[in-house]
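Visitor: Sequence:
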Amino acid sequence: MSVMCQLKNFEKLYHVYFDEVSISIKDIKIEVIRQMRVSEDREWEIIAMDLKTKKEYKDEDTVRRDTTILLQRRIIPESQLQERKRKLEWKRRETELQKQLQELKSAALDRKQIDLTKMEGTEEEKIKKMMEMSTVDYAPSKWLKVPFKKTGPVPTSYVCRRCHKPGHWVYQCTFTVNGKPASIKKARGIPKTMMAEVEGPEVPGAMLAATGNYTPNTSDNAWYCSSSDYQGSGYQNSYYGYPVYQPYLGGEPSYQEVDGYPGYNSYNDYSYQQQTQVIDDPLDEFERYLQKKDAEKRNQRHRTKSSRSFEGRRKSPSPSRKRRKYC
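According to our numbering, the sequence shown holds residues 244 to 570 in order.
Check before you lean on any hint, since a few could be wrong.
[Stated by the list, open to error] Listed below are the simulated DSS-like cross-link pairs for lysine-lysine, each with C-alpha atoms no more than 27 Å apart in a straight line:
| no. | residue 1 | residue 2 |
| --- | --- | --- |
| 1 | K269 | K297 |
| 2 | K330 | K342 |
| 3 | K429 | K393 |
[What the hints assert, rightly or not] Okay, the calculated beta carbon distance ranges per label pair:
| no. | residue 1 | residue 2 | range |
| --- | --- | --- | --- |
| 4 | Q323 | H411 | 52 to 60 Å |
| 5 | T311 | V281 | 18 to 26 Å |
| 6 | G395 | R307 | 55 to 63 Å |
| 7 | K298 | L256 | 19 to 27 Å |
| 8 | K330 | C416 | 44 to 52 Å |
| 9 | R277 | E346 | 26 to 34 Å |
| 10 | S282 | Q415 | 34 to 42 Å |
| 11 | T394 | G443 | 27 to 35 Å |
| 12 | R307 | E368 | 42 to 50 Å |
Honestly, the hints are just simulated from the structure, not real lab data. Beta carbons: idealized from backbone N, C-alpha and C, even for Gly.
Could you build all of it, start to finish, from the sequences and the hints given here?
Guide: Set out below in structure tokens:
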């Protein structure tokens, strides 16, 4: 159940929902202003009129549900505007005073130590007072709004998340890499045997160790540095003999051909133990594989067909088993 309000010279309709049979014009104006999201310092007011007769409604009038009314903005006279501003100012001051009074009450309650054993009242009142005193530290009056940018002295426990150093806020961090603002990762969970000390954070893959020095991971270091045997080739033999891809670092790629396979180093002790099978023509091998699969499918289809035909045949009854007719 609602009342539709159409603002003059505007296409938008405002719906005011309610549960009763009718609603007052004053409540409709308050709800429409709330939906319009305008401030209280406006210099105009809303008047309500009948959609057909254009008759102006008063604030005390009521309209029934499923009714459409016309709204229009009207400039407030200067005399009424001054009175309106004065009321708004008093309302704001009253709100501030209520807030200050609540803070003073909570502060006085904190300073006041109440002995519940000497307190007069029933047992339920004592329990209620005890619960209020136990949660006074978490009262809304003690809530603090943390600003987006923290200001003031930096706590001793605060550590910048970019450079991992104390003494300044994160938005005041001057840590740069190659002249650009950057952040450094911390080396966590990496064994010391896989870490080596480097000069500074400019080294690719460098991380901040617990000692305060910069160190990269050994496996990552092998990824970033170039190969001495194949400068710019993009490949480097690992410990087990298989190639590890590296990013192209510039220059003309040079490949070394070993046994017809370019880009490999000479075989080490581990690779000598590997036995490789050389295929003369991979295409012929693939065709033989397909022919073998086709033959297996044909045999499977023949066996399935034979078994079904055998099951379909039924033995004819022997003459001795034929049913005799008795006259």
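Visitor: Could you run down the list of hints and mark each one as holding or not?
Guide: Against the structure, the hints come out as follows:
As the CA atoms of K269 and K297 are separated by approximately 18 Å, the hinted pair is consistent with the 27 Å bound. Taken as a hint, the K330 and K342 pair is honoured in the structure, with Cα atoms around 19 Å apart against an allowance of 27 Å. Only pairs whose Cα atoms come within 27 Å are accepted, and K429 paired with K393 is accepted, the gap being roughly 24 Å. Evaluation of the 52 to 60 Å hint for Q323 and H411 yields a pass: the beta carbon distance comes to about 55 Å.
The beta-carbon spacing between T311 and V281, approximately 22 Å, falls within the hinted interval of 18 to 26 Å. Roughly 59 Å separates the CB atoms of G395 and R307, a value that falls within the hinted 55 to 63 Å. Taking the beta carbon of each, K298 and L256 are about 20 Å apart, inside 19 to 27 Å as hinted. With their beta carbons about 50 Å apart, K330 and C416 fall inside the hinted range of 44 to 52 Å.
At about 28 Å, the CB distance of R277 to E346 agrees with the hint of 26 to 34 Å. Restraint check, S282 to Q415: a C-beta distance of roughly 36 Å satisfies the suggested window 34 to 42 Å. For T394 and G443, the hinted distance range of 27 to 35 Å is satisfied, since their beta carbons lie about 31 Å from each other. Distance hint check: the CB atoms of R307 and E368 are about 49 Å apart, consistent with the given range 42 to 50 Å.
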